Amino acid sequence: MRPIETRYARSGDVRIAYQVVGQGSFDLVFVPGFISNLDLHWEDEGYSRLLKRLSEFSRLILFDKRGTGLSDRVDAHHLPSLETRMDDVRAVMDATGSGRAALLGASEGAPMAMLFAATYPERTRALVLYGGYAHFHKWVMPPERLDAFIEMAETAWGTGATLPHFAPGRVDDSRFATWWGRFERLSASPTAAAALARMNAGIDVRGVLAAISAPTLLIHRRNDARVDPDASRFLAKKIPNARLVVIPGRDHPIWTGDVDRVADLIEEFLTGERAVAEAERVLAALLATRIYDTARLGDRMWSERSQRFQETWRLLVGRHGGRSAGTHGELMMSRFDAPARAIRCAAALRDAAQKIGVATAQGAHVGEIELRGPPAGLTGRVTMQLAAHAGSGDILASRLVADLATGSGLHFTDAGRIALDELDEPLALVHATSEQHLEPACRPKARMTEPAALTARESEVVSLIADGKSNAAIAAELRLSEHTVKRHVANILLKLDLPSRAAAAAFSARHAGPDGP
Numbered sequence: 001m002r003p004i005e006t007r008y009a010r011s012g013d014v015r016i017a018y019q020v021v022g023q024g025s026f027d028l029v030f031v032p033g034f035i036s037n038l039d040l041h042w043e044d045e046g047y048s049r050l051l052k053r054l055s056e057f058s059r060l061i062l063f064d065k066r067g068t069g070l071s072d073r074v075d076a077h078h079l080p081s082l083e084t085r086m087d088d089v090r091a092v093m094d095a096t097g098s099g100r101a102a103l104l105g106a107s108e109g110a111p112m113a114m115l116f117a118a119t120y121p122e123r124t125r126a127l128v129l130y131g132g133y134a135h136f137h138k139w140v141m142p143p144e145r146l147d148a149f150i151e152m153a154e155t156a157w158g159t160g161a162t163l164p165h166f167a168p169g170r171v172d173d174s175r176f177a178t179w180w181g182r183f184e185r186l187s188a189s190p191t192a193a194a195a196l197a198r199m200n201a202g203i204d205v206r207g208v209l210a211a212i213s214a215p216t217l218l219i220h221r222r223n224d225a226r227v228d229p230d231a232s233r234f235l236a237k238k239i240p241n242a243r244l245v246v247i248p249g250r251d252h253p254i255w256t257g258d259v260d261r262v263a264d265l266i267e268e269f270l271t272g273e274r275a276v277a278e279a280e281r282v283l284a285a286l287l288a289t290r291i292y293d294t295a296r297l298g299d300r301m302w303s304e305r306s307q308r309f310q311e312t313w314r315l316l317v318g319r320h321g322g323r324s325a326g327t328h329g330e331l332m333m334s335r336f337d338a339p340a341r342a343i344r345c346a347a348a349l350r351d352a353a354q355k356i357g358v359a360t361a362q363g364a365h366v367g368e369i370e371l372r373g374p375p376a377g378l379t380g381r382v383t384m385q386l387a388a389h390a391g392s393g394d395i396l397a398s399r400l401v402a403d404l405a406t407g408s409g410l411h412f413t414d415a416g417r418i419a420l421d422e423l424d425e426p427l428a429l430v431h432a433t434s435e436q437h438l439e440p441a442c443r444p445k446a447r448m449t450e451p452a453a454l455t456a457r458e459s460e461v462v463s464l465i466a467d468g469k470s471n472a473a474i475a476a477e478l479r480l481s482e483h484t485v486k487r488h489v490a491n492i493l494l495k496l497d498l499p500s501r502a503a504a505a506a507f508s509a510r511h512a513g514p515d516g517p
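Using full-length UniProt numbering, read the sequence shown as starting at 1 and increasing by one per residue.
In short, the hints are calculated from the structure, not lab data.
Some hints here could point you the wrong way.
Straight-line C-alpha distance at most 25 Å; calculated BS3-like pairs for lysine-lysine [claimed, not checked]:
id, residue 1, residue 2
1, 238, 138
2, 52, 138
3, 469, 495
Just so you know, these numbers come straight off a predicted model, no measurement behind them.
From just these sequences and the hints, can you work out the full model?
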């Protein structure tokens, strides 16, 4: 979904580029971070996903700050103050006919949003601050680190060199790294980037925090690579009626990591409701397949064998009851309604690749995904990372895949644990083992006439699902982590052969006795 047009608001002698997306009942102004480019945002999967989610419940107002993106450039030797840039927010609101709006300030956009909320309380409906801070040198980087960052910006800007400072978890993602280099070049010049960094270094809005009267939500990633999470803890103490939510992750940009989690928190805070979209999300087993180590193949041989393997991949995925879920760079994604089918397909693909003259490395994981579009959420990213860690001929899966494939005749061996930014705790891994245990079984299993027995804890969880509680609420009530609750939900849906949480709630209602299900 792209906006119809980009327009310009006049703020003093400068024109500020803006876009409006969505037709929600209230306005939400997105104040971006260090750099931005309105057109380029829509080309990144995570960024466009976030904007789509936000525009589903609001009239979303986007803009490029002066000196960045599509807005007018400014004299690098006479940088605007934070107050001047804050006035750009007001100018954009005026141009869009927005009298009162919620503000979402991300990273360097957070101080601007805080200053606006304190200065124009009558125009601020609510405040959401993601990865924000009140004082640059205290919570972002000290002067000596800033000097090194500016030197790098002046000598290597436009190459993607800043990526490790913002999203170290995406450095090995070649597609994202290429996009990031374009993002640098099209958002600011090297001179402008260095000047913006110097200007941001002067940010200190600690004195205005007590004057913020708008309801405030703070979101910060637990291991944020750029802004110390203590920055948001400080804001939570100093801004009246502020609430802090710390979420897993290391990558700093708001459009990286689990953007659906961020959007859910914002929607729930601003509307009082959290999107469930049960009909659009299903539990599925994802399989990511890549051709391993092609360095020794010439271009022509590689092209021929790659084309043959991709044709075989589509054939075998369909034969095993799966569906193609698109490609992500070198990765071929497919989804299945049961993990055993995904593993058997992986084994068949491995054997087929050997006959073609290439090798595969594959990853498998189970979780909720969107029915529409490619698997862009947490489940998809975890699956892709597993494939990236797999060696030649390996089928590397999460322990959850093995747990849910119990009774299928498949065998797995322990493969240790791996720490992923998006998860609260290290993910347990397994290898799908010898070929004799992986004979393709393309015929779907007969549906059990009776559902598999739930554990006592799973029965508690399904009862709370029937009560309409979210994973976060269930975690709080049962004193579990949200990750553990998600795992219980995944087990429940697969044991009961149900497609969604709504179906689980209906099952609980049908089978509830005097003491519950």
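Now for the hints, and whether the structure bears them out:
no.	hint	verdict
1	238 / 138	holds, 16 Å
2	52 / 138	violated, 34 Å
3	469 / 495	holds, 20 Å
Violated hints amount to a single one, hint 2; each of the other numbered hints is respected by the structure.
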